[in-house]
Amino acid sequence: MKGTGSKDVTQVSTYPLQERRNKVRAEDFARAGAPQLWDRIPDILVGREFKAFAAALHAAREAHGTMLWMMGAHVIKCGLGPLFIDLMERGFVSHLATNGAAPIHDLE
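Sequential numbering of the sequence shown, starting at 112, is according to our numbering.
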């Protein structure tokens, strides 16, 4: 594999994080604790699969099984962080692996 060599970084400009325009706002994030939403998920196709996945998670938690989650940064970037935090607080996450972009999006 050919190396990229040295790069000239004199043209790189920086600015404070507070001045950065973000694509999302915290108030747009998903909110946990909406039980009526569960009743609205259809029992067809992927809706049925999602309910089966949720039932398997519940069974694993009850059996004190390991629940290893591996995810990319879009879970955080798309505002689903609060839902994932709710899963953590309720014992549905025992281990978490993410890529390096997830903490960056969390900071943003």
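Careful: at least some of the hints might be erroneous.
What the hints assert, rightly or not - Just the calculated beta-carbon pair ranges, DEER-fashion: (1) Lys118 x Ile152: 29 to 37 Å; (2) Ala208 x Arg172: 30 to 38 Å; (3) Ile155 x Met182: 47 to 55 Å; (4) Leu148 x Leu207: 44 to 52 Å; (5) Lys118 x Ile215: 31 to 39 Å; (6) Glu219 x Val123: 18 to 26 Å; (7) Val157 x Phe203: 18 to 26 Å; (8) Arg159 x Lys118: 24 to 32 Å; (9) Pro127 x Leu207: 26 to 34 Å; (10) Tyr126 x Lys162: 42 to 50 Å; (11) Gly158 x Glu130: 24 to 32 Å; (12) Phe161 x Val135: 22 to 30 Å; (13) Ala171 x Glu219: 27 to 35 Å.
Just so you know, these hints were derived from the structure itself, not from any lab.
For each residue, glycine too, the CB sits at the ideal point set by N, CA and C.
Results of checking the hints against the structure:
{"no.": "1", "hint": "Lys118 x Ile152: 29 to 37 Å", "verdict": "49 Å, violated"}
{"no.": "2", "hint": "Ala208 x Arg172: 30 to 38 Å", "verdict": "19 Å, violated"}
{"no.": "3", "hint": "Ile155 x Met182: 47 to 55 Å", "verdict": "26 Å, violated"}
{"no.": "4", "hint": "Leu148 x Leu207: 44 to 52 Å", "verdict": "23 Å, violated"}
{"no.": "5", "hint": "Lys118 x Ile215: 31 to 39 Å", "verdict": "21 Å, violated"}
{"no.": "6", "hint": "Glu219 x Val123: 18 to 26 Å", "verdict": "19 Å, holds"}
{"no.": "7", "hint": "Val157 x Phe203: 18 to 26 Å", "verdict": "20 Å, holds"}
{"no.": "8", "hint": "Arg159 x Lys118: 24 to 32 Å", "verdict": "51 Å, violated"}
{"no.": "9", "hint": "Pro127 x Leu207: 26 to 34 Å", "verdict": "29 Å, holds"}
{"no.": "10", "hint": "Tyr126 x Lys162: 42 to 50 Å", "verdict": "46 Å, holds"}
{"no.": "11", "hint": "Gly158 x Glu130: 24 to 32 Å", "verdict": "42 Å, violated"}
{"no.": "12", "hint": "Phe161 x Val135: 22 to 30 Å", "verdict": "23 Å, holds"}
{"no.": "13", "hint": "Ala171 x Glu219: 27 to 35 Å", "verdict": "32 Å, holds"}
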